[in-house]
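Peer 1: Below are the chains, spelled out letter by letter.
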Amino acid sequence: MRLMVRNLDVFYGAIHALRRVTLHVDAGEIVALVGANGAGKTTMLATISGILRPRQGSVRLGERELTHLAPEAVVAAGLSHVPEGRRVFRPLSVEDNLRLGAYRRRAQRQAIAEDLERIYAMFPILRERRRQPAGTLSGGEQQMLAMGRALMARPRVLLLDEPSMGLAPLVVQEILNHIQNLRQKAGLTVLVVEQNARAALAIADRGYVLENGRIVLHGTAEELLNNHDVQRAYLGREREEACTGSGR
Amino acid sequence: MAPLIQYLMGGLTLGSTYGLTALGFTLIWSATGIVNFAQGEFVMLGGMLAVAGVAVGLSQLWAILLAVAGTTVVGAMVERTMIRPLGRRPVLDVVIVTLGVAMVVRGLVMLFLGKETHVLEPFSGHVPLRVFGAAIMAQGVWVLATAAAVVGGLKVFFSATLEGKAMQACAHDPVAASLVGISVPRMTLLSFALSALLGAVGGVLITPITMTSYDVGILLGLKGFAACVLGGLGSPLGAMAGGILLGVVESLTAGYLSSAYKDAVALVVLLAVLFFRPTGLFGPRDVTRV
Chain A
42 MRLMVRNLDV FYGAIHALRR VTLHVDAGEI VALVGANGAG KTTMLATISG
92 ILRPRQGSVR LGERELTHLA PEAVVAAGLS HVPEGRRVFR PLSVEDNLRL
142 GAYRRRAQRQ AIAEDLERIY AMFPILRERR RQPAGTLSGG EQQMLAMGRA
192 LMARPRVLLL DEPSMGLAPL VVQEILNHIQ NLRQKAGLTV LVVEQNARAA
242 LAIADRGYVL ENGRIVLHGT AEELLNNHDV QRAYLGRERE EACTGSGR
Chain B
5 MAPLIQYLMG GLTLGSTYGL TALGFTLIWS ATGIVNFAQG EFVMLGGMLA
55 VAGVAVGLSQ LWAILLAVAG TTVVGAMVER TMIRPLGRRP VLDVVIVTLG
105 VAMVVRGLVM LFLGKETHVL EPFSGHVPLR VFGAAIMAQG VWVLATAAAV
155 VGGLKVFFSA TLEGKAMQAC AHDPVAASLV GISVPRMTLL SFALSALLGA
205 VGGVLITPIT MTSYDVGILL GLKGFAACVL GGLGSPLGAM AGGILLGVVE
255 SLTAGYLSSA YKDAVALVVL LAVLFFRPTG LFGPRDVTRV
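Sequences listed follow chains A and B, in order.
Under my numbering, the first residue of the first sequence is numbered 42, with each subsequent residue one higher.
Under my numbering, the first residue of the second sequence is numbered 5, with each subsequent residue one higher.
Mixed in with the good hints there might be a few duds.
What the hints assert, rightly or not - Example chain B residues on the side facing chain A (calculated, C-beta under 8 Å, incomplete):
(1) LEU103
(2) GLY104
(3) THR121
(4) GLN172
(5) ALA173
(6) ASP177
(7) ALA180
(8) VAL184
Hints listed in this document are in silico derivations from the structure and should not be mistaken for laboratory results.
Note that the Cβ used here is the ideal one computed from N, Cα and C, for glycine as well.
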């Protein structure tokens, strides 16, 4: 399903956090939204999922207008948001967290049992730890749980906020592989926000660069990876390396 | 020996109703982080409505059922009309509003049901039971059995039902809860209705023992709150244990020291807990991964 965001203006009190932002994610696409801390990436996702209200602009999912829906209605419409910092329900068990992910369709017992199996097959460590309180999991495991919890709602579109934050490189790789698999196998549409631009662009089809609440650049992932400004600002590549490398 | 058992049983009975009040506090606090100072008024309302029902000629059973149902509806209405409009105001603002709600409920009851003190007939007559030479009121057994059933029921609700877990999820992280599709306003409404129901049950049970009037909610609310803090906010078992402990200490104080100090016990306990062990006896240690 296509996610379309048009001319979004969002304020945090007096701060103009997003300025006429327009972007879209086509069905089955992985799109990365990169930018520095405080650029407005998290605000963007929070507005799409209904946590924040935009002053102007619209968010559409397929034909459905999401702009003024409450977060629980957005979930029901087919869009799930894995928030920054995972925000798992720490006192509850891993399995309870996953079951709450399917809260909107709690009557479908059979389907939920099947989905639970699917999540456990995807993240075997969660099955091992299913009776443990979620707060006792490692950061990577919590990220898997947060993703599993979101998937239990059977979303068509998934928003991921900093999935690699605070994780070891190997774990980051694992999480990214899962995101790619989800797109391939389930046809999931993904919008991923990352400070780790290189990691996000490595799996994305397209990307947008957000600076001070504005989209300053967009293009295919390859174009962005090869763009000198992006390299300097977000990929941390040394200037000489960029010059002597495969640069244009 | 007989007096001691007498005091203990009295304390147990009284303590169970404090426990029921404390459970109401815990429930709302668990779901929303709000301390609802109108909880004592729900207890009063349960008793007063039952009395009013009997006065207009209903059978005792119907009067009690309607009183509990009516109080539950009042609880839901309080949430809808006075708590929800506050939106995302700071919790302290909401807590102060609950103080106002308490005054309004108290005032309305005084206006419509009067200032007199009332009593309900004990559920199974006036003949006391004899236990080890002590006379135990049969009503006390009703109180204890109901309190045990309510604690058991809540335990099952929170640990074995999705709705109960959704309520805990709301308490832990309302934003994350809404992101999985839980409606936080609906959960808040549910917690107020349930708390009012628990309060009303306590009020109906205790009216045959301690009598009731429009202003008993103040003291009951205070004692329920003290019990809740003693047991640890957020723990249903702790709330009941705190209530019973408070009731027993109060009863022993009244029996061996002087009944003049009876009501001071709750305050002393409240202060002592806040000074020395703010998480309460059974409070959850919040373990955070850093």
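Peer 1: Are the hints correct? Go through all of them and say.
Peer 2: Going through the hints against the structure:
1. LEU103: Where the cut-off is 8 Å and the nearest Cβ of chain A is about 29 Å from LEU103 of chain B, the hint is violated.
2. GLY104: violated, 28 Å
3. THR121: violated, 44 Å
4. GLN172: holds, 6 Å
5. ALA173: holds, 5 Å
6. ASP177: holds, 5 Å
7. ALA180: holds, 4 Å
8. VAL184: Because about 5 Å separates VAL184 of chain B from the closest Cβ in chain A, which is inside the 8 Å limit, the hint holds.
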